[in-house]
Amino acid sequence: MIAVAFKLLCYDKAKFVAMIMAIALAAFLMQNQGSMLKAFLGMSGSQIRDVREVDFWVMEPDTECFDQAKPLPDKALQMIRGIEGVAWAVPILKLDTNGRTDHGKLRTLSILGVDPSNRIGEPKMEKGQVEGINERNVAVVDPGGWAILFPGIAFEPGRTIRVHDQWLTICGISSASPPFTGLPIVHTSIFTARELNRGESRSSTFVAGKCADGRKVQEVLERINRLTPWQALSRQDFMDQSYRFYEGQGVPMIFNITIMIGLLVGTAFTAQTFLMFVKDNSRSLITMKVMGVTHKQLAVMMAVQAAYLTFLGLAIGTTIATLTSEFVRQIPFLRGLYTPVPVVLLCAAFMAGIAFLSAFIGFRRVLAMQPSDVFRS
Amino acid sequence: MISAVTCHQVRKTFGSGDTVIEVLRGVEFSAHLGEMTFLVGPSGCGKTTLISVIAGLLNASAGEVSLFGIHLPELGSREQILFRRKNLGFVFQQYNLIPALTAAENAAMPLLAAGESLKSAVNKSKVVLERLGMGHRADQLPRTLSGGQQQRVALARALVHEPRLIICDEPTAALDHESGETVMQLLSSSAVHPDRAVVVVTHDNRVFHYANRIAHMNDGVITHVEEKRHKPHLS
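For the protein sequence lines, the chains are A and B, in the order given.
Following the working numbering, the numbering of the first sequence begins with 1 at its first residue and continues without gaps.
Following the working numbering, the numbering of the second sequence begins with 378 at its first residue and continues without gaps.
The hints are simulated quantities; they were obtained by calculation from the structure and are not laboratory data.
Given the structure is predicted, the values throughout are model-derived calculations rather than measurements.
For every residue, glycine included, the Cβ atom is placed at its ideal position computed from N, Cα and C.
Hints may contain errors.
Unchecked claim - With a cut-off of at most 27 Å between alpha-carbon atoms, the simulated BS3-like pairs for lysine-lysine come out as follows:
hint, chain 1, residue 1, chain 2, residue 2
1, A, 210, A, 75
2, A, 216, A, 75
3, A, 15, A, 296
4, B, 463, A, 13
5, A, 7, A, 210
6, A, 210, A, 13
7, A, 210, A, 124
8, A, 296, B, 463
9, A, 70, A, 279
10, B, 605, A, 7
11, A, 7, B, 496
12, A, 38, A, 15
13, A, 15, A, 279
14, A, 296, B, 501
15, B, 463, A, 7
16, B, 463, B, 503
17, B, 463, B, 496
18, B, 496, A, 296
19, A, 127, A, 105
20, A, 216, A, 7
21, B, 503, A, 7
22, B, 501, B, 463
23, A, 38, A, 124
24, A, 127, A, 70
Said to hold, decoys possible - From the structure, some residues in chain A lie toward chain B, with a derived Cβ separation under 10 Å:
hint, residue
25, 7
26, 10
27, 11
28, 125
29, 194
30, 195
31, 281
32, 297
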C-alpha cells in the first residue's frame, strides 16, 4: 500500500508540486531568516571570540556588550595583574571614530588597539604581515572593512586613512570575524590607538587576561569582582552577555516575524492543498475503505505521503537557503553567514510538523467518510 | 440451495424525530451460492441501502443480516473490514477505479489491502485481466480505457481475491448496450461459481435474462421473487 500512497500523491502533478513548493518556501524562509538571525547575533561576540588566548575580560561594570566599550582607569591593568591567580593581563583599547580614506571616503571605524609587546589580541591575517602594526600609525583592516573603505579596489599595502590629523597606513587585511555593527575593524598598536582616542585620558577599555595554571576561571573571576570595582567575565560569558544585549534590542523580532510568516504560509498552503488532495481522492479513498483497506493502513499511507513531502520540500528549501547563504557570504560584511545545522534540524521539525498536521487533518476527513457513499454516483 | 446472504425483517431508518425516514421496512431477502440474484426496483425503493446493509457498510436499524451464517453487526469494526476484504467483491456503476493506478494495479487492490506485495498482487491480477480479455490493457491508466474496459477492470478487481460474494451496483448503467452485454456475459461466466453468490442491483431490464432469481423491491420491501428456469452458467 506504500507504493499506492506514492502513486496517489504523485498522480496530480500540479498539486504535488504545489505542496512541495509550499514546504520548500516555508523551509527556505525559516532557514534563511533563522541563519541570518543566528549569524547576526553571533557577530555580537566576534571580537571577543577572536582573542583566543584569554580566559577573562575585565571592563566597566555598566558595559553591556563589546561595542559599548567604556574607558578603564590606567590603574586597572596593574590591579588585575596583581590579583592572585592571574597569570598575565593585557590592555585592549576599543574606540569608534571617523576616518577619511586617501580617496575621500568618510567612514566610521572601529579601532582595536592591542599591545604589540605580547601580541595578545592580534588578528590572523589574510594578506600582509601583522607585525606591521608594531610601527606607529600602521594598521590592518578586516576584509569587510577594506570593501567599505576602498570599494572596488583590490588590496594594496600603503593605502591610508586620515583619523583626526593622523594618517593610518594600511599594511594588511586581517581575517577578523565580521562585527555586528558592520563597521570596519581596524587593528593597530595600543599606542597608536591611544593617540587616536582624542579627549580621553584613560588608556584602555578592557583588560583581558589568563588564569595561572591550575586556577579555576570562576575562582579568579570572583576574586577580581570582589577586590576591584570592575566587572570580570569569562570569555564565554562576555560573548553571551553581548549576544543577550543585542537579542534584547528587538533584533530577533524582525527575523522572527518573517520566520512566523514562513511557518504560517507553509502551514496554511500545505494543509489546504493536502485537504484538496484528500477531497479530490475521496472516491478512491472510500473505495479503498470498502475494499478492506483499514484505517491503520490509510494512516500509514498518509504518514508516508507527509514524510515524502517533508523530505522533498525540506531538501529543496535547504538547498536554496544554503545557496543563498553562499551567495550572500560574498558580501564581505556578511561573510559570517552560514546555515547552522541546529537551524536546519529545527526547520525540519517544523516542516515535518506542518506536513503531519496536514496529513492528520486529512486523515480525520478520511475517517469521517462513509463507506456506504461508495454507491453514490 | 445454500444461502450466502440472508435478510430477515431488516429495517433501516435515517434521521431522527420528525425527519426520520424509513428506507427499509422489513426486508426478507436471500441470495444463494452458485446463483446470480438480481435486485430490481424503481429509484429510491431502497436497493442501494439494502446492499450497503448486506455489505456491512451500513448497520441495519432492526432485523437480522447474515453472510455465510455470520452476523456482521456482531463483529467489531476491524473484523468487519477484514471479513469484507476476504469475502466480498464489489462492482460499481461508476467503476470507482483509482486514476493513479494502472488497470492491473487497480485490479490488485484487494490483494494489496491484504498485505500482498505489489509485484505478486499485480501478477495475479494480470491473470484475471487476461481471462476477462483485458490482458493487453493491464498497464494502462483508467483514463485511457473505455467505459466497458473500465468495468471489466472493476470486475477483475472484484474477482481477484476469489471472494464468496460479489455485489454489483448497476454494473451496466453507465455503458452502452453492447458493452453492458459484454460485462454481463463476463460476470455470468466468471463470477458465478458454486462457492460464490452474486447480487446485482440493476434497472436494466435488457440484462434480466442473466439472473437466476430476481427480487423485486418497492418502497422498502421485497414485493416478490421471480425464479428463472435456466440453469446458471457455472465456470
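Hints and how they fare:
no. : hint          : verdict
1   : 210/A - 75/A  : holds (18 Å)
2   : 216/A - 75/A  : holds (24 Å)
3   : 15/A - 296/A  : holds (25 Å)
4   : 463/B - 13/A  : violated (34 Å)
5   : 7/A - 210/A   : violated (64 Å)
6   : 210/A - 13/A  : violated (63 Å)
7   : 210/A - 124/A : holds (20 Å)
8   : 296/A - 463/B : holds (17 Å)
9   : 70/A - 279/A  : violated (65 Å)
10  : 605/B - 7/A   : violated (45 Å)
11  : 7/A - 496/B   : holds (15 Å)
12  : 38/A - 15/A   : violated (34 Å)
13  : 15/A - 279/A  : holds (12 Å)
14  : 296/A - 501/B : holds (25 Å)
15  : 463/B - 7/A   : holds (24 Å)
16  : 463/B - 503/B : holds (19 Å)
17  : 463/B - 496/B : holds (20 Å)
18  : 496/B - 296/A : holds (22 Å)
19  : 127/A - 105/A : holds (22 Å)
20  : 216/A - 7/A   : violated (63 Å)
21  : 503/B - 7/A   : holds (19 Å)
22  : 501/B - 463/B : holds (16 Å)
23  : 38/A - 124/A  : holds (24 Å)
24  : 127/A - 70/A  : violated (31 Å)
25  : 7             : holds (4 Å)
26  : 10            : holds (8 Å)
27  : 11            : holds (3 Å)
28  : 125           : violated (61 Å)
29  : 194           : violated (76 Å)
30  : 195           : violated (78 Å)
31  : 281           : holds (8 Å)
32  : 297           : holds (7 Å)
When held up to the earlier numbered hints, the structure conflicts with 4, 5, 6, 9, 10, 12, 20, 24, 28, 29, 30 and fits the remainder.
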